[in-house]
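Peer 1: Below are the chains, spelled out letter by letter.
2 protein chains.
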Amino acid sequence: MTSDILDKISFDSHGLVPAIAQQHDTGEVLMMAWMNADAVLETLETGQVCYWSRSRQSLWRKGETSGHVQQLVDFRIDCDGDTLLLLVEQTGVACHTGRHNCFFTSIRDGKAEIISDVEISPEAMYGQKTPGP
Amino acid sequence: MTSDILDKISFDSHGLVPAIAQQHDTGEVLMMAWMNADAVLETLETGQVCYWSRSRQSLWRKGETSGHVQQLVDFRIDCDGDTLLLLVEQTGVACHTGRHNCFFTSIRDGKAEIISDVEISPEAMYGQKTPGP
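Chains as they are written, first to last, in our numbering: chain A, 132 to 264; chain B, 132 to 264.
Simulated from the structure, these hints should not be mistaken for laboratory data. Any given hint could turn out to be false.
When chains are identical, the list treats them as one kind, so a pair holds in a single copy or across two.
[Unchecked claim] Using 20 Å as the maximum straight-line C-alpha spacing, the simulated SDA-like pairs for lysine to any residue come out as follows: (1) K139 to G158; (2) K139 to E244; (3) K242 to L203; (4) K242 to L175; (5) K242 to L137; (6) K242 to H231; (7) K242 to I136; (8) K139 to H155; (9) K139 to G241; (10) K139 to C210.
All values reported here derive from a predicted model rather than from experimental measurement.
Starting from the given sequences, assemble the full structure and let the hints guide the process.
Peer 2: Here it is, written out as structure tokens:
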């Protein structure tokens, strides 16, 4: 099954594919991150979402530090295979800022506006260290 | 306002940023495409979503050929500025295959499964020519 599924995904020149995480029952778009082939396989095999961190250049098991894991509910591939949509059950919050999702800046009347509040302080999630995405 | 907003977006080395389109009222994730600075500005100015086509290397006014336009409802930027979320009102269908959204392939029990039907034939949308994304 492994190679069949990887064959359906068009990884970019860096071996990566963007993956959108969406809360399966509310439809909330939580975040977008990247996967390489290993992250795809681990996610499908374990049912726990694992990305590839471009900044750390390593597998990023979402929630490993914070406990805010994403349980895979459905794994979808788009029409030309170059984007993934992951339906997930999000524990806690998805964003490293402590907000429920990462898309909390809206452009309204030509200005950037913060439209959602921090639910859990980054310090409470990570201790003194606040890792980026 | 223009430069302020562009300053909040981290375009990649090709001058592009991924943009997720979501139907504003149902939460359906419709598609993911790319924008350059001109596409961002045109979208904000006109309220009609305009992407950058990487295959055609030109602005891609969504729905220009098919009539299946996306009216912008809200424009959001993620926590690190490298992904956009566009809440839209989709006319017709978003996918060039004639399906309502592009994420119609699901991996279930280790196999790829088509989970939604074609609503409008590509021939009806585009005539004899079927442009890719």
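Peer 1: Between K242 and H231, at a C-alpha cutoff of 20 Å, which is it: within one copy, between copies, both, or neither?
Peer 2: neither (22 Å within a copy, 31 Å between copies)
Peer 1: At most 20 Å between C-alpha atoms: does K139 with G241 qualify within a copy, between copies, both, or neither?
Peer 2: between (40 Å within a copy, 12 Å between copies)
Peer 1: At most 20 Å between C-alpha atoms: does K139 with E244 qualify within a copy, between copies, both, or neither?
Peer 2: Only across copies: K139 and E244 sit 12 Å apart there, 39 Å inside one copy, limit 20 Å.
Peer 1: State whether the alpha carbon distance between K242 and L137 is at most 20 Å within one copy, between copies, both, or neither.
Peer 2: For K242 and L137, the Cα distance is within 20 Å only across copies (11 Å; inside one copy 41 Å).
Peer 1: Reference check for the pair K139 and C210, CA-CA at most 20 Å: within, between, both, or neither?
Peer 2: Intra 10 Å, inter 30 Å, cutoff 20 Å: intra-copy only.
Peer 1: Quick one: K242 to L203, C-alpha cut-off 20 Å, is that within a copy, between copies, both, or neither?
Peer 2: Answer is between; shortest inter-copy Cα gap is 16 Å, intra-copy 35 Å.
Peer 1: Could you figure out if K139 and G158 sit no more than 20 Å apart (CA to CA) within one copy, between two copies, both or neither?
Peer 2: So K139 and G158 fail the 20 Å test inside a copy (25 Å) and across (25 Å) alike.
Peer 1: Could you place K242 and L175 in one of the four classes (within, between, both, neither) given a Cα distance threshold of 20 Å?
Peer 2: So K242 and L175 pass the 20 Å test across copies only (11 Å; inside, 40 Å).
Peer 1: My question is about K242 and I136: at a cut-off of 20 Å on alpha-carbon distance, are they close within one copy, between copies, both, or neither?
Peer 2: Classified as between: cross-chain Cα gap 7 Å, same-chain 42 Å, threshold 20 Å.
Peer 1: For the identical chains here, do K139 and H155 meet the 20 Å Cα criterion within one copy, between copies, both, or neither?
Peer 2: Neither, since 23 Å and 29 Å both go past 20 Å.
Of the hints listed earlier, those the structure fails to meet are numbers 1, 6, 8, in rising order.
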